[in-house]
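Model the full structure from these sequences, guided by the hints.
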Amino acid sequence: MKDASQAWILVTLTGTTVALVAWLVDVVQEWMSDLKTGYCTTNWRYNSKFCCWGREDGCPEWRTWSETFGNATQASSYYTDMAMYSVLGVRSD
1 MKDASQAWIL VTLTGTTVAL VAWLVDVVQE WMSDLKTGYC TTNWRYNSKF
51 CCWGREDGCP EWRTWSETFG NATQASSYYT DMAMYSVLGV RSD
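Letter by letter, the sequence shown follows residues 1 to 93 of UniProt numbering.
Simulated from the structure, these hints should not be mistaken for lab results.
Don't be surprised by glycine CBs; every beta carbon is placed ideally from N, CA and C.
Keep in mind that the hints are not guaranteed to be accurate.
As the list claims (entries may be wrong) - Cβ pair distances, simulated, as ranges: (1) Leu10 to Glu56: 47 to 53 Å; (2) Pro60 to Met82: 34 to 40 Å; (3) Leu13 to Glu61: 36 to 42 Å; (4) Glu30 to Ser76: 27 to 33 Å.
Rendered as structure tokens:
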């Protein structure tokens, strides 16, 4: 009886650990995917979806990298965004 319960406890702990790791990978992947384009000013841990939750008309809390570095021209904004996208680029499907 003791051996059978140990196996079920081990299976339960393994399943819970795998589920937590999968959840963590999913959350971090989504956050890093959005980090390529900008960040949330109210909470750095939020991706764009949670930063702009329930907003239909723009999101002042989400800042692009060109807004952060204060680029004056459209060309410099483009190159700043492209550079940050390349530096922080993570393949996301």
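Comparing the hints with the structure gives:
{"no.": "1", "hint": "Leu10 to Glu56: 47 to 53 Å", "in the structure": "49 Å, holds"}
{"no.": "2", "hint": "Pro60 to Met82: 34 to 40 Å", "in the structure": "23 Å, violated"}
{"no.": "3", "hint": "Leu13 to Glu61: 36 to 42 Å", "in the structure": "39 Å, holds"}
{"no.": "4", "hint": "Glu30 to Ser76: 27 to 33 Å", "in the structure": "29 Å, holds"}
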